[in-house]
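Protein chains in written order, with the working numbering: chain A, 22 to 168; chain B, 948 to 1228.
Source of the hints: derived by calculation from the structure; they are not laboratory data.
Treat the hints with caution; some may be incorrect.
[As the list claims (entries may be wrong)] As a list, the in silico DSS-like pairs of lysine-lysine whose alpha-carbon atoms are at most 25 angstroms apart:
{"hint": "1", "chain 1": "B", "residue 1": "K1223", "chain 2": "A", "residue 2": "K143"}
{"hint": "2", "chain 1": "A", "residue 1": "K143", "chain 2": "A", "residue 2": "K160"}
{"hint": "3", "chain 1": "B", "residue 1": "K1113", "chain 2": "A", "residue 2": "K143"}
{"hint": "4", "chain 1": "A", "residue 1": "K160", "chain 2": "B", "residue 2": "K955"}
{"hint": "5", "chain 1": "A", "residue 1": "K143", "chain 2": "A", "residue 2": "K161"}
{"hint": "6", "chain 1": "B", "residue 1": "K1220", "chain 2": "A", "residue 2": "K160"}
{"hint": "7", "chain 1": "A", "residue 1": "K161", "chain 2": "B", "residue 2": "K954"}
{"hint": "8", "chain 1": "B", "residue 1": "K1220", "chain 2": "A", "residue 2": "K143"}
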Amino acid sequence: MKVEIQIDPSLEEPVVVLRTPSPTEEVEALAARLRGEAAPRPFTVYQERETVRVSRSMVLRFYAEGKGVFCQTGKGVFSVRQRLYELEEELAGTRFVRVSNSEIVNLDRVTGLDLTLAGTIKMTLEGGTVCWVSRRYVKKIRQALGL
Amino acid sequence: MMLIDDKKQAMIRALIGGLTGAALLLALVWVLDAMPWMSHIWHFRNPFAVWAEWLMDDYGWPSPSLPNLCLAILAGAEVGVATLPFADSGRELVARSLVHFLVMSATVGLWAAVNFGVGELPFFLIPLALVYVLVWLGRWVGWYAEVAAIREKLGLAPGPSLFHWKESLPYVGFAFLLCDVLPLALRVCDAPDVPVLVGLLLPYLLLPVGSFMSGLSLGRRHGFCPLYPLACGVFFLPTVFLLMNYTALPHCLMAAVPALAGNLAGAARRRIKKGKEADAP
């Protein structure tokens, strides 16, 4: 495959154009990767000593409770062996963002945002799960969304 | 409760604020000394001589002006750290802001009492409280814009308008009828010698009940809408001056306070109902 980089100062952000004689699987996969849609590897979570593989898009949030870290999906809650900060590092640059000291949420599963008078943001996820965004982490959400 | 998380930053800011407070007061003393009280000519003397005169009496003892300098340093330090307690959100923010307000009020109150007497305290403390409310309002509008931008980027519905002004609009029409049209209609029906309807029935029954019930309905539908009680109070102003006189100005509160109480009650009911719905399986 021939790769060519053209510098154009008039552009506001990088634009990638794939020129191909026919839409092959390889080109589709490359386009998906460029759009950030590449299928990331699923998470390994646990339910009563059983290992379960959960795709990232299914995850609503990761949260710390007591001494454990849990993964909530639409189908239930699973335990996770990683610490929250390890998950945060692993998920950096994705749609998963830390919103408080104890929670990382999947921004693609957010269904509502409400601002309280005291500045806290109430975040509602699919299925009605509610989590609270600390103002200290609003900057991270803005960065993740490119604001 | 920790008022401030970053103590080092707080110390630096307090120091800079305190020095700025002292510098501003000393500069004011110097300029006031140079003012042309009896002529048109400004007479600037050596500032150190002016400050020495101001701070010490003829025998070299500290003069009664010294507490002013201490309070200026204290107030400057408090202003210097003013933004730090507001870095967080939720209960922490409310508690920290209240503590800062109380400390600042104590300083300003002491300064006002020393220089102008205790009777003048409201003249200083009410504007100070308004400044805090304005600062909070400004911050809230900023937060609102931030959340609106995040909502848009996530592709969510826009959410309620700023202070629910759009949601309050239909009720504002009712407030206008209650506070302006109804009094005029009652005036037409009132007896010319004893205006029972406008003088008694309106301010002590119709106005409080009407504004409370409408505030309650608005609160149940849209939550806390702070502009509605304000609108009720403001709408009654023309009635005061058209049908009554300035002594009836407190009647504006007979519209605003019940509207606020009703709105808060409605918002609380809405919150409880939503909580029950969320808990339901």
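Exercise. Would the pair K143/A and K160/A pass a check requiring their Cα atoms to be no farther apart than 25 angstroms?
Worked result: Holds, at roughly 16 angstroms.
For this session: Take the C-alpha atoms of K143/A and K161/A, compute the straight-line distance between them, and say whether it is at most 25 angstroms.
Result: holds, 16 angstroms
Exercise. Under the criterion that the straight-line Cα-Cα distance not exceed 25 angstroms, is the pair K1220/B, K143/A satisfied?
Worked result: Roughly 17 angstroms between the alpha carbons, so the hint for K1220/B and K143/A holds.
Exercise. Keeping to a limit of 25 angstroms between CA atoms, is the pair of K1220/B and K160/A held or broken?
Worked result: Violated - the C-alpha atoms of K160/A and K1220/B are around 32 angstroms apart, more than 25 angstroms.
Exercise. For the pair supplied as a hint, K161/A and K954/B, is the alpha-carbon distance within the 25 angstroms limit?
Worked result: OK: K161/A and K954/B at ~24 angstroms, within 25 angstroms.
For this session: Below or equal to 25 angstroms on CA atoms is what counts here, so check K160/A against K955/B.
Result: Holds, because 23 angstroms separates the two Cα atoms, which is no more than 25 angstroms.
Exercise. Does the alpha-carbon distance linking K1113/B and K143/A stay inside the 25 angstroms limit?
Worked result: Holds - the C-alpha atoms of K143/A and K1113/B are around 21 angstroms apart, at most 25 angstroms.
Problem set entry | Straight-line alpha-carbon gap K1223/B to K143/A, limit 25 angstroms | Holds: K1223/B and K143/A sit about 17 angstroms apart, inside 25 angstroms.
In terms of the numbered hints stated before, the structure departs from hint 6 and from no other.
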